[in-house]
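Generate the whole structure from the sequences, applying the supplied hints.
Those protein sequences? They're chains A and B, same order as listed. Each residue of the first sequence is one higher than the one before, starting from 1 at the first, in the numbering used here. Each residue of the second sequence is one higher than the one before, starting from 1 at the first, in the numbering used here.
Keep in mind that the hints were calculated from the coordinates and are not lab data. Wrong hints could be hidden among the right ones.
[To be verified] Reference listing, derived: stretches of chain A covered by chain B, where coverage requires no fewer than 3 residues with Cβ under 8 angstroms from a Cβ of chain B:
#: 1; segment: 11-22
#: 2; segment: 36-43
#: 3; segment: 49-57
#: 4; segment: 128-141
For each residue, glycine too, the CB sits at the ideal point set by N, CA and C.
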Amino acid sequence: MKCNDVCELMPELAAGLDAVTPEVNEHLESCAGCAGKLKEFRQTMALLDEWQVPEPSPYFDVRLRARLREETAKQPHGLWYWIRKPALAVSLAVLMVMSITLFRTDAGRNSAPEGPRALMVAEPGTAVGDLQALDKNNELYSDFELLDDLQVQKDVDANP
Amino acid sequence: MNRGFLSMAGIPSHTGAKIAGEPPSEGLSDAQIMLRVKAGDESAFDYLVQKYRRPMLSFMYRMAHNTAVAEDLAQEVFLRVYRSRETYEASAKFTTWLYRIASNLAVNHARDTRHERPENTVSLDEPDQESGLTMDVPDDSLSAEEAIVRRERLAAIRQRVQELPERQRIAVVMHKYQQMDYRQIAEVLKLSESAIKSLLFRAYETLRVQLKEFV
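Right, dumping it as structure tokens:
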């Protein structure tokens, strides 16, 4: 065993946390330097023992309880706290998927001409009723134009 | 065991689990008891506070050198344990986790108050500036001169330990005063065991040289 190996063991040996093995003992008997150092380490450890801790305050538990009470009282859980809850996270995810699906379905229906809004008829004389009438007229005018075109075509066919 | 710490604090159990109120079983490890805290067991938290209150106070006192601050920091450790109960995973020893929280708090406190601390001068005629207490327990068997020498010695010990580099100081406090072995200290400080051996040897070597006159 070398001096470095014994030095590494010295804190444990000096603190009495490790027993002196025969190998270490053999080295210490042959190495005055290590033996002297271990003796001084032991004296240092004994000196460090003098540093005692004062008794804990009798109010320690009372204060801790008060702090725990404050802690729970001021815990308005943030969004992240709730999102971390697995059941809530799954529910939120399902809700989101359902919302998206419904939104898309609804959008598809709205684009169809026979949608519920297309069937609504406003009273004549109101602004909405007049606009709807204009829309219908536009359709009629375009129909008339189509009929005119057909008539012209018939005329063309009839008079080659 | 007494009633649950949290119930005494007026804090209801989260789950109202059946185990609430029952004392933790003798055979359970601290990590298993912490899992019961996670499940809403109030008495389990009380058990851990009672078990580790003194070690935490002792650790914090030697790190912060002030009784009031040490109590405040030790309470903060338990508050953090309580706050983290729902995310606790028993992947490491409970004490490793506890001392890691404590070390971080102590180091942060030391850094935050580095410029506030007075110089390490010790008045032999007045109570300790930091704790407000006299530095030693009155001992009628000591003469006035011996009492002064003893106080000087204690002041030197505190000062020399405080002057050690951060990690050496933590390692010495854990090894010498918390009776933790190399492996436990290595886990808390996230270092290898050989690094801790070397760290402790250097720290004790420094203390041996600097405290030689008091031996």
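Taking the earlier hints as the rules, which of them does this structure contradict? 4
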